[in-house]
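Start from the sequences, fold in the hints, and give me the full structure.
Sequence order for the protein chains is A and B.
Quick note: the first sequence, position 98, residue 98 per my numbering, numbers continuous.
Quick note: the second sequence, position 67, residue 67 per my numbering, numbers continuous.
Calculated directly from the structure, the hints in this document are not laboratory data.
Each hint should be verified, as a subset may be incorrect.
[What the hints assert, rightly or not] Now the stretches of chain A that chain B is said to cover, found in silico as 3 or more residues with beta-carbon under 8 Å:
#, stretch
1, 40-52
2, 100-106
[What the hints assert, rightly or not] Pairwise CB distance ranges, derived in the manner of DEER restraints:
#, chain 1, residue 1, chain 2, residue 2, range
3, B, P40, A, A54, 33 to 43 Å
4, A, L96, B, I60, 16 to 26 Å
5, A, R109, B, S52, 31 to 41 Å
6, A, T70, B, I9, 37 to 47 Å
7, A, K17, B, L56, 44 to 54 Å
8, B, Q71, A, Q84, 33 to 43 Å
9, A, L39, B, P79, 28 to 38 Å
10, B, T12, A, L39, 16 to 26 Å
11, B, N114, A, S7, 31 to 41 Å
12, A, A54, B, W83, 43 to 53 Å
13, B, S52, A, G51, 16 to 26 Å
14, B, E15, A, G72, 41 to 51 Å
15, B, Q71, A, Q41, 42 to 52 Å
[What the hints assert, rightly or not] Computed list of chain A residues with no C-beta within reach of chain B, every gap over 12 Å:
#, residue
16, Q6
17, V19
18, R64
19, E68
Just so it is clear, the structure is predicted and the values come from calculations on it, not from any experiment.
Positions of the beta carbon are idealized from the N, C-alpha and C atoms, including for glycine.
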Amino acid sequence: GAGVSQSPSNKVTEKGKDVELRCDPISGHTALYWYRQSLGQGLEFLIYFQGNSAPDKSGLPSDRFSAERTGGSVSTLTIQRTQQEDSAVYLCASSLRTAYGYTFGSGTRLTVV
Amino acid sequence: AQSVTQPDIHITVSEGASLELRCNYSYGATPYLFWYVQSPGQGLQLLLKYFSGDTLVQGIKGFEAEFKRSQSSFNLRKPSVHWSDAAEYFCAVGGGETSGSRLTFGEGTQLTVNP
Chain A
1 GAGVSQSPSN KVTEKGKDVE LRCDPISGHT ALYWYRQSLG QGLEFLIYFQ
51 GNSAPDKSGL PSDRFSAERT GGSVSTLTIQ RTQQEDSAVY LCASSLRTAY
101 GYTFGSGTRL TVV
Chain B
1 AQSVTQPDIH ITVSEGASLE LRCNYSYGAT PYLFWYVQSP GQGLQLLLKY
51 FSGDTLVQGI KGFEAEFKRS QSSFNLRKPS VHWSDAAEYF CAVGGGETSG
101 SRLTFGEGTQ LTVNP
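This is the structure we're talking about:
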């Protein structure tokens, strides 16, 4: 597509429920990233996919967080047993090469009540 | 480890005034450097980037930035600010594909523009 698409744009969930956030990157972009932005904070790296390589999961804050990328395209970030501290905007980005920079989606605002 | 420091959390300027947003980075090799802008409720938009060549780079919306290796800095400038420039600005540093490609972002600088 023309840009990085994320869905849903907003998600309100009850504490303890599981949520899935979706990212559809720009066609042909081999790299896909997930970041988290808490209120008034910078961007916290979560996970990175590059082609068929094993993902870099070093930023995932706990084992409640997982992500997959199917067919080298769409990615899903799953948060199990959500907690209030998981409330944030989750941003997805894709790139063809690092030197070109990332293209970000508009994000999913997750609120855990 | 790579890191980025944006010393100014919040800057206020008058419309038409010049602007400089500071960014200092830590990286073990020649870095890739970026500035992004985020308007309220929006994703991040790339303003400009540096990875080699001329140390003064031009970006969109009249912004420019200068890479100074000796000072580990990549400050963003604009000669005359417009009200529409009010937003949050993020500096980021990373390496090439062989370095894992992950960008590390600063905490951001919130820009307010007074009429």
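Here's how the hints hold up against the structure:
1. 40-52: holds (count 6)
2. 100-106: holds (count 7)
3. B:P40 x A:A54: 33 to 43 Å: Because 37 Å falls inside the window, the suggested range holds.
4. A:L96 x B:I60: 16 to 26 Å: holds, 19 Å
5. A:R109 x B:S52: 31 to 41 Å: 37 Å Cβ-Cβ, so the 31 to 41 Å window holds.
6. A:T70 x B:I9: 37 to 47 Å: With Cβ atoms ~39 Å apart, the hint holds.
7. A:K17 x B:L56: 44 to 54 Å: At 50 Å between Cβs, range holds.
8. B:Q71 x A:Q84: 33 to 43 Å: holds, 41 Å
9. A:L39 x B:P79: 28 to 38 Å: Given about 32 Å between the Cβ atoms, the range holds.
10. B:T12 x A:L39: 16 to 26 Å: holds, 21 Å
11. B:N114 x A:S7: 31 to 41 Å: holds, 37 Å
12. A:A54 x B:W83: 43 to 53 Å: The hint (43 to 53 Å, Cβ to Cβ) holds, given that A54 (chain A) and W83 (chain B) are roughly 47 Å apart.
13. B:S52 x A:G51: 16 to 26 Å: Check passed, 24 Å falls within 16 to 26 Å.
14. B:E15 x A:G72: 41 to 51 Å: holds, 46 Å
15. B:Q71 x A:Q41: 42 to 52 Å: Between Q71 (chain B) and Q41 (chain A), where Cβ atoms are some 26 Å apart, the hint is violated.
16. Q6: Check fails; 8 Å does not lie beyond 12 Å.
17. V19: The claim holds: V19 (chain A) sits with its nearest Cβ about 19 Å from chain B, beyond 12 Å.
18. R64: For R64 (chain A), whose nearest Cβ neighbour in chain B is about 22 Å away, the distance exceeds 12 Å, so it holds.
19. E68: holds, 18 Å
Against the hints set out earlier in the document, violations occur for numbers 15 and 16.
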